[in-house]
Amino acid sequence: MATLHTRSAARLMMAPSVLLLFIWMIVPLVTTIYFSLLNYNLLMPGEHEFIGLTNYKFFLTDPAFFDALINTLLIVVGVLLITVVGGIAFALLLNQDIFGQGIVRVLVIAPFFVMPTVAALVWKNMFMNPVNGLFAYLAKMLGLEPFDWLASAPLMSIIIIVAWQWLPFATLIMLTALQSLDEEQQEAAEMDGAGPISKFIYIILPHMARAITVVILIETIFLLSVFAEILVTTNGGPGTQSTNLTFLVYSQALLQFDIGGASAGGIVAVILANIVAIFLVRLVGKNLEA
Amino acid sequence: MARRVSTRRKAIMTAVAWVLALLIFFPILWTFLTSFKSEADAIASPPQFLFFQWTTENYAEVQSRSDYLHHFLNSVVISFGSTLLGLIIAIPSAWAMAFAPTKRTKDVLMWMLSTKMMPPVGALIPIFLIFRNTGLLDSRVGLVIVLTLINLPIIVWMLYTYFKEIPGEILEAARMDGASLAKEIVYVLTPMAIPGIASTLLLNVILAWNEAFWTLNLTASEAAPLTAFIASYSSPEGLFYAKLSAASTMAIAPILILGWFSQKQLVRGLTFGAVK
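Those sequence lines, one after another, are chains A and B.
Everything in the first sequence is counted per this note's numbering, starting at 1 for the first residue and increasing by one.
Everything in the second sequence is counted per this note's numbering, starting at 1 for the first residue and increasing by one.
Not one of these hints is a red herring.
Derived Cβ-Cβ restraints for the label pairs, each shown as a range: (1) Leu50(B) <-> Lys199(A): 38 to 46 Å; (2) Gln263(B) <-> Ile51(A): 48 to 56 Å; (3) Met192(B) <-> Ile51(A): 52 to 60 Å; (4) Thr56(B) <-> Ser198(A): 54 to 62 Å.
Simulated from the structure, these hints should not be mistaken for lab results.
Keep in mind it's a predicted model, so treat the numbers as computed, not measured.
Beta carbons: idealized from backbone N, C-alpha and C, even for Gly.
One chain only, chain A, in its complex shape (with noise of 0.2 Å):
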């Protein structure tokens, strides 16, 4: 029975992360939205005049916004497309009855645990690199053209680097999820004729709903921000062609030293991210109470 008294303690246990979470969130924001309305630029010293809304109207009529806004959406949808269908796809495979299940989901699991930027590179130079890479010498072998990934093809590279790193999250949680299902409920499905198609969609599938939103919530959550799998492979270019709207900011900021332009466009990445946000946690909230 919680008494007054426990309700205080929890009260109290509870205030150090509220409070700096709270202030984690506030102070940065409070201040990147004071610094979008100024005229403030790390290479020109002086009085940093306050000259409203300009910095907004400014980034958000500069093409290389809109380019980045592109090219945000697409990075999120294209990752969470493969990783979603790749991830069932994989989940229902290992949930077979195979040899050697234990060690194929160890390996699977894997790319999880690698670290950004060691993704990025090791695809960049020992796969996609169009002289010494490994497509390069398949491509070869097969009698193609050598193909320039990063050059040609950058914000799919950049997809295909991000979908490796994601596609084991997403199977593992598909697995767990397909594991709980009630084997029962699918050999009476069987007797009454479901063929593996309709099985899917009616029994698998819905089982799956909880699971797959999960994956597509925590994914965004992280897709949105994808930062070093750009920084380490193409630097945004060629022109702003993988530049997303994370890259932007930062180029504005610690590159061109536009402190002012750069805030604005935080502000405007934090304003997209919470329209994203407030559609998803409705949408996970609704899931996760059951």
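We have chain A; now place chain B onto it with these hints.
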């Protein structure tokens, strides 16, 4: 009756699964193999798979040329430091939420999760400037603070889902037997909470070890953990495949091993207990 699967079907499924799994694992295997090659063998055409002159000189050279151990130590300090600090802050909150929940507990948890959705670029500029002005830039302390804060919501959530599974009846039984609050915590709750705390620790060390936004933006050389150290290979050193591979292998091996041990907790932890 268990369902019988024909041997032939099982063999085919096994083959397909192994081929796909090896394809997914291949980049890691290839990095590992390349790390033992000479630079010439590393770019040989056709690629050398196993029959090359094995050498460990790349490892020695990565260490002697760029002081790998220094960055390794940075990674250890930053990932364990931020996780332990996070646990100290999070354990009381998760405890309170699990054992003395109020109507608002769910909202607080959801709010914490939502702070994770704030893109890091929204905070990058003020944090960067504050760090620059206070000398925290390129310092381990600074990174420990930032990583503690960004992982705090995950730590609270994970602990909460573990604590919630400790049955409340046990507490009542202990209380009936006359245990004081202190005894209750030491003898009853702690032993039951330790597995959950251990898996939270493990997972957050992995997450902090691989964090690559703040570590790249807030360090230069002194406090650079392995993520930033490897990024320095992006060009032109990255073209020395054997050395890149040796550095990469050393950067991922410890976490790969930890990760394999934590597979089971991984699902639960990363899905905030929604998928078990």
